[in-house]
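Engineer: Given next are the chains, with one letter for each unit.
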Amino acid sequence: MSDVVLDASMFVSAISPKEVHHADARKMYDSYDLDRPFIVPALFRVEVVAALVRRGEPLELIDTVDVLVSGPRFHSVALDPALLDEAARVARKARLRAYDAVYVALALRHKAVLMTLDTEVRVRVADAFPTMRVVDDQSEEVP
Amino acid sequence: MKISPSMTLTSVKAALSEVVRSVRRTGTPVVITVDGEPAARIETVAPESRRMTRSEVATARALMDAIGRIPRPRSSFDAVALVNDGRR
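Sequence order for the protein chains is Z and X. The numbers in my numbering rise by one with no breaks, and the one at position 143 of the first sequence is 143. The numbers in my numbering rise by one with no breaks, and the one at position 37 of the second sequence is 37.
Hint data in this document are derived by calculation from the structure and do not stem from the laboratory. Where a beta carbon is used, it is the ideal one built from N, C-alpha and C, also for glycine. Treat the hints with care, since some could be wrong.
So the derived label-pair ranges between C-beta atoms look like this [stated by the list, open to error]: (1) X/Ala62 / Z/Val46: 21 to 27 Å; (2) X/Ala40 / Z/Lys111: 21 to 27 Å; (3) X/Ala15 / Z/Gly71: 34 to 40 Å; (4) X/Ala40 / Z/Leu34: 38 to 44 Å; (5) X/Val20 / Z/Asp33: 31 to 37 Å.
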């Protein structure tokens, strides 16, 4: 099984029963090896916490999620200058938003699968980086 | 010697240990120039992720279970829209 870069949208869906893609997102999240960390940019934790706060989730949930995403299940990668250089290249080539470009750059760096719910990202990546593997809530499993 | 983002090959050879320490400390790469042109770059290597221990797996599982037990808002939502709203 390949390494996986996990987008914040997929994770928020996987932990939220009322999210519209929850069942499939949770299935995809759970299909990844239990003892392998998801690769995430350092921004991931902030994005997840901010999204849950904006949704008005209870403090207990936010605290518990923060402990989980700060732990070893998530391999957090700093936004170093080399990664930002790569993200800028990705943004130009695939016409992606800054945050999306960082996730894609990280997946390219680690030759990892990108796990995202965002259809627009999936389409643009397929066009700009045809060899990169992307899985979403409709995928059967992580390649 | 002053370590800068762009240095000649001669100056890097004279201070390689110092250059590597600076790159590790600051995370800023150093571009090595030859005849005034960028030729190579010294940068930090991201630590590789490792397999989790049994104890770590159990903790991660317990946290997911705990998350599932916490009462949540009842309204449905779209995570892509929510996360993208934070990216604007």
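Engineer: Against which earlier hints does the structure fall short, listed by number upward?
Structural biologist: none
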